[in-house]
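Fit chain B to the supplied structure of chain A, relying on the hints for placement.
Residues per chain, in single letters:
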Amino acid sequence: MTVQALSGLRVLDLCWVVAGPAVGRVLADHGAEVVRVESSTRLDTARLIGPFHDGAPTAESSILYGDVNAGKLGLTLNLRLEQARDVLRDLVRRSDVVLESFSPGVMDGWGLGYDELRALNESVIVLSTSLMGQTGPLGTFAGYGNIGAAMSGFQSLVGWPDRVPFGPYGPYSDYVAPRFALVILLAALDRRAETGEGCHIDVAQVETAAYFLAPQIADCLTSGHVAGRMGNRDPELAPHGVYPSSDGRWVAIAVRGDEDWRALAEQLGVSDERFATTSGRLAHVDELDDRVGEWTARQPAAAVEALLQEHGVPAHVAIDSETAIDDAQFRSRAHFVELEHELYGKTVVQGSRYRLSGTPAVVDRSAPTLGRDNDYVLHDLLGYDDARIAALDVVGALT
Amino acid sequence: MGFLDAYRVVDFTNERGLLAGRLLADLGADVIQVEPPGGSSARRVGPFADDGESLYWAAYAANKRGVTCNLDTKEGQELALALCVEADFVFESETPGTMARRGLSYDDVQRVNPRAVYTSITPFGSDGPKAAYADSELVLWAAGGPLAAHQDGDRPPLRISVPQAYLHAAADAAGGALIAHLAGRRTGAGQHVDVSVVQSVTQATLSRILATAVGDPQGSALIAAEADGKVDQSGSGSGTAGTKWQVRDGYVAMHLALGPAAGRFTNNLFAWLREEGACDAQLAEVDWCAVPERDLLERARSAVAEFMSRKTKREVLEASLERKLLAAPILTVGDLAESAQLEARSFWVELGDQVLPGPFAQVTADAFAFRRPAPRLGEHNAEVFGEILGLLA
Numbered sequence: 000m001t002v003q004a005l006s007g008l009r010v011l012d013l014c015w016v017v018a019g020p021a022v023g024r025v026l027a028d029h030g031a032e033v034v035r036v037e038s039s040t041r042l043d044t045a046r047l048i049g050p051f052h053d054g055a056p057t058a059e060s061s062i063l064y065g066d067v068n069a070g071k072l073g074l075t076l077n078l079r080l081e082q083a084r085d086v087l088r089d090l091v092r093r094s095d096v097v098l099e100s101f102s103p104g105v106m107d108g109w110g111l112g113y114d115e116l117r118a119l120n121e122s123v124i125v126l127s128t129s130l131m132g133q134t135g136p137l138g139t140f141a142g143y144g145n146i147g148a149a150m151s152g153f154q155s156l157v158g159w160p161d162r163v164p165f166g167p168y169g170p171y172s173d174y175v176a177p178r179f180a181l182v183i184l185l186a187a188l189d190r191r192a193e194t195g196e197g198c199h200i201d202v203a204q205v206e207t208a209a210y211f212l213a214p215q216i217a218d219c220l221t222s223g224h225v226a227g228r229m230g231n232r233d234p235e236l237a238p239h240g241v242y243p244s245s246d247g248r249w250v251a252i253a254v255r256g257d258e259d260w261r262a263l264a265e266q267l268g269v270s271d272e273r274f275a276t277t278s279g280r281l282a283h284v285d286e287l288d289d290r291v292g293e294w295t296a297r298q299p300a301a302a303v304e305a306l307l308q309e310h311g312v313p314a315h316v317a318i319d320s321e322t323a324i325d326d327a328q329f330r331s332r333a334h335f336v337e338l339e340h341e342l343y344g345k346t347v348v349q350g351s352r353y354r355l356s357g358t359p360a361v362v363d364r365s366a367p368t369l370g371r372d373n374d375y376v377l378h379d380l381l382g383y384d385d386a387r388i389a390a391l392d393v394v395g396a397l398t
Numbered sequence: 000m001g002f003l004d005a006y007r008v009v010d011f012t013n014e015r016g017l018l019a020g021r022l023l024a025d026l027g028a029d030v031i032q033v034e035p036p037g038g039s040s041a042r043r044v045g046p047f048a049d050d051g052e053s054l055y056w057a058a059y060a061a062n063k064r065g066v067t068c069n070l071d072t073k074e075g076q077e078l079a080l081a082l083c084v085e086a087d088f089v090f091e092s093e094t095p096g097t098m099a100r101r102g103l104s105y106d107d108v109q110r111v112n113p114r115a116v117y118t119s120i121t122p123f124g125s126d127g128p129k130a131a132y133a134d135s136e137l138v139l140w141a142a143g144g145p146l147a148a149h150q151d152g153d154r155p156p157l158r159i160s161v162p163q164a165y166l167h168a169a170a171d172a173a174g175g176a177l178i179a180h181l182a183g184r185r186t187g188a189g190q191h192v193d194v195s196v197v198q199s200v201t202q203a204t205l206s207r208i209l210a211t212a213v214g215d216p217q218g219s220a221l222i223a224a225e226a227d228g229k230v231d232q233s234g235s236g237s238g239t240a241g242t243k244w245q246v247r248d249g250y251v252a253m254h255l256a257l258g259p260a261a262g263r264f265t266n267n268l269f270a271w272l273r274e275e276g277a278c279d280a281q282l283a284e285v286d287w288c289a290v291p292e293r294d295l296l297e298r299a300r301s302a303v304a305e306f307m308s309r310k311t312k313r314e315v316l317e318a319s320l321e322r323k324l325l326a327a328p329i330l331t332v333g334d335l336a337e338s339a340q341l342e343a344r345s346f347w348v349e350l351g352d353q354v355l356p357g358p359f360a361q362v363t364a365d366a367f368a369f370r371r372p373a374p375r376l377g378e379h380n381a382e383v384f385g386e387i388l389g390l391l392a
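Sequences listed follow chains A and B, in order. 0 is the number of the first residue of the first sequence in numbering that gives the first Met the number 0; add one for each residue after it. 0 is the number of the first residue of the second sequence in numbering that gives the first Met the number 0; add one for each residue after it.
Looking at chain B on its own, in the form it has when it is part of the complex:
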């Protein structure tokens, strides 16, 4: 049982929008993923398992049923439109204009099913001068603002090394579609929901994209700047030199906070060093709630660096909990897979061959339903076309 058990979703998306339908499927909706007979382009997105299966597909098409349908033939278009007649939600992520050419635009679906919520996920939006621009993950990250904001010294601004832009938009699409659905409860009418990746990723600028518009072109990031007055351009302290410390098995993030508000965390840290004989008597006695002299701070940094280099991520995490430190391990995807916290909250579900994120919230009611792994090509053709259309009775 899931919150959205009562609904049917027809999902025409490719890798740009695959996640949206997965979120609704996780909440119980019957999501029918439509692919071309040669397979969705999302099946060609890495990383890949040893047998060549796309793990992007495995992750974000999970929990859906799958059918094949050639949308570039008249028969296929008629079949697809027939699927939409019974749909509460339709999702698509083609280049603007493509679905209209196939007779499967919002207007076309609306004609056969006026209550359907039809959501389009497009790189730049369904309209506007750049609507037809060629797109890629990196280029959209640039166009929406989070790229330029983020520069490590003299080198070019940095993206995240794992594709993210389309995921932001696809998650927004699920939210936008549900807003439209709640509207439909009142009006009885469906509508078109238009989500652009570029506008979705602006959220990842921490509103810094508004800086010039309000007369703060330097976009002063945080008041809570470093004690020495340097402004951290990372937006969160992550770019500040000296907040990443090497440990035996990777890195930890830790801020040597000074001053009346947060100096106590550094006092807690030095209590740990003192207990393990890792700092001299003078350092051990410093009250970091007062801002120390520079040479003292530098000696403190060296002592901490030396101390940390002998610790592991796990040891620092445990100390952080017990001793109240402003420290956290910089986890890798491998660490996440082994996280006791995620395990304790039953975050993972095993679907087919894969272990995947499952419930994205803990709810005091049956909210989620995990039913099946991502479909094989055409896996549910007979079942879906049979039950919905009576074609293969």
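The following block holds chain A by itself, in its conformation from the complex:
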């Protein structure tokens, strides 16, 4: 077995739902030992979010949970109990990295704030991820799924101009934040390798999402223009939309310029001088969309994709979970990874999003069922004896 990028790195993952656990998943893919702590007394929300194995919701069947926690060790601790917090302290002593996503202040309230963790382990790197950050007037603002998308501008940027803003799919800032969190965490690890110093990193999901709107914010500040929702249209390109097909699927088509248009027009059988230039196409965009939609509606979406791509025009079926598993590109890239699972026999997760030629990701173990690795973590990693483990068990610390 080749050495992995992060072999030997010890990570304590106290996060939940998506934004935090997604960071630990990447570290696990690349060889880190990641101990995921959770409690069966207050289930991780991700365990309540589908899709579910065989469509049957249980605490163990969420594939969202399975996807963002693959490769981790699972330990159940009821952190409301001091005995459980002592176990956590022992884990901190031997960890390089602690990841946490409690509401700001919760860790402090437990006596597990950064200064206290640092007293246990001077060079520990603690990464806190929260909706608004640990500080500022809104630092205590708690929220449910789509509040991050609302507070970072994205709710206002998805939808049809004649309807109420629709918002992005799901908790959008949860998709953005882990990528930034990972970058700063890896940079902190690099610095620690040089200096031996740890640090506390405070990532606000809303700030990372706002980073993805930097050009639009600059536009607003310089010209006063406020970007808004415009369906699937583009201010500079036409046609640019999502069109129906004969098989009920949708196909996205984007014409990047006159050359793309000439190739598409030939397929449509349209020769109309009004459409020859971008400004002309933008001026007649409704009519253009109708013409494209009438043409796509007569054929299967995959045929539209293949035909237009053959002529160099950007087009793709709007992939869903059914088309994804048969998609030639996903298959070729081994995007879906089958893993053994204690309860379901097998499960499927997404592979790594980075393909490293020298030290590739290894995705070889499913996410933990509740408490799956309690014995291994307490006995093998922490060296607790049976009596100590039994004493923790008896008071309910291991739930």
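No wet-lab data here; the hints were simulated from the structure. Note that beta-carbon positions come from the ideal geometry of N, C-alpha and C, so glycine has one too. Keep in mind that a hint or two might mislead.
Restraint ranges, calculated between C-beta atoms of paired labels, are given here [said to hold, decoys possible]:
| id | chain 1 | residue 1 | chain 2 | residue 2 | range |
| --- | --- | --- | --- | --- | --- |
| 1 | B | GLY37 | A | GLY7 | 44 to 54 Å |
| 2 | A | ARG162 | B | ASP279 | 27 to 37 Å |
| 3 | A | ASP161 | B | ALA260 | 52 to 62 Å |
| 4 | B | GLU317 | A | ASP161 | 24 to 34 Å |
| 5 | B | ARG370 | A | ASP285 | 44 to 54 Å |
| 6 | A | ALA327 | B | SER345 | 24 to 34 Å |
| 7 | B | GLY241 | A | VAL269 | 36 to 46 Å |
| 8 | A | ARG92 | B | ALA283 | 48 to 58 Å |
| 9 | A | LEU342 | B | ALA81 | 29 to 39 Å |
| 10 | B | ALA289 | A | ASP161 | 30 to 40 Å |
| 11 | B | PRO216 | A | ASP285 | 28 to 38 Å |
| 12 | A | THR139 | B | ASP286 | 49 to 59 Å |
| 13 | A | GLY195 | B | GLY241 | 51 to 61 Å |
| 14 | B | ALA270 | A | PRO136 | 46 to 56 Å |
The following block gives chain B in isolation, referenced to the frame of chain A:
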């Protein structure tokens, strides 16, 4: 001082990958952005300032030094390869095969600098049957899954109105490159990091792209469905009718939560309505921790809609904090620019003419370094080629 002060990055990316180098530059790395003599295609990506400057370029090439180099001539290729000799990181985002034709592929760079981490950002991946597909933001959003998942009623599925797909991939590229860099600390060797936009954006499906693979083709979104049993297809409640409320200056997102777990938030809301005389005595007395009858719920909705229509986003935000409501303003980019929260956390930096996102985390150590605005065309040619290559001594 930044965490990555010790490193040099040679950045060949265009708009597909521009952000990756910016993130490393923010952390202190010396990032040299290489453009063709006519300027990067990213300079032609909107929105634009009044003087025609691309704000996409201004935002995501910020903090880098800039040089011009014609990679389609032999001299330019030799110069570019010479730049890579001293690089810790190389980023590129050309269509697969392009850099190899220029003698600047991973293998070529590896030959002159075996410890370089070389990262490619491509629309569909460096290989595979669709590697050469024509790409655009919308098409990649479709190919990776987040598009189909997201439909407002009978109309076609919706994208985000501001381009996002390449940003996800570029941020992933920065992460992947740093993983490879940490590997290099042990092995002494560089490697190739291959990031595909399509695979990066799958993350924005909330794992729903796996639904059929695990036998849940309907992809039941949330257990926490509406009280009336309807399944919200938005993945987060954002698509549920009645979670967006019009206020005087826009919209707020607010869930009228019912039942034992979250009904107290609705009780808090009605305490506010009651104080301002905005609901009748019967509504004011309801305990929303129990699930009410339908006609009562409809009357409650009307009262809330009427009440909200007289409020502003700011008033709702303040009430949300004070009274613990499940409500948040739907901020626009204009609101973000004026956000007291972002201001208090010193999120913005002024670089040249632009105010841009700065530190993307608060750190108890010097992590970031903000040094300069996005480079003018060829701004650092003499400096970079001089200091690195000794060509212009």
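Hints versus structure:
no.: 1; hint: GLY37/B / GLY7/A: 44 to 54 Å; verdict: holds, 48 Å
no.: 2; hint: ARG162/A / ASP279/B: 27 to 37 Å; verdict: holds, 31 Å
no.: 3; hint: ASP161/A / ALA260/B: 52 to 62 Å; verdict: violated, 35 Å
no.: 4; hint: GLU317/B / ASP161/A: 24 to 34 Å; verdict: holds, 31 Å
no.: 5; hint: ARG370/B / ASP285/A: 44 to 54 Å; verdict: holds, 47 Å
no.: 6; hint: ALA327/A / SER345/B: 24 to 34 Å; verdict: violated, 47 Å
no.: 7; hint: GLY241/B / VAL269/A: 36 to 46 Å; verdict: holds, 42 Å
no.: 8; hint: ARG92/A / ALA283/B: 48 to 58 Å; verdict: holds, 54 Å
no.: 9; hint: LEU342/A / ALA81/B: 29 to 39 Å; verdict: violated, 57 Å
no.: 10; hint: ALA289/B / ASP161/A: 30 to 40 Å; verdict: holds, 38 Å
no.: 11; hint: PRO216/B / ASP285/A: 28 to 38 Å; verdict: holds, 35 Å
no.: 12; hint: THR139/A / ASP286/B: 49 to 59 Å; verdict: violated, 26 Å
no.: 13; hint: GLY195/A / GLY241/B: 51 to 61 Å; verdict: holds, 54 Å
no.: 14; hint: ALA270/B / PRO136/A: 46 to 56 Å; verdict: violated, 23 Å
Checked against the numbered hints above, the structure violates hints 3, 6, 9, 12 and 14; every other hint is satisfied.
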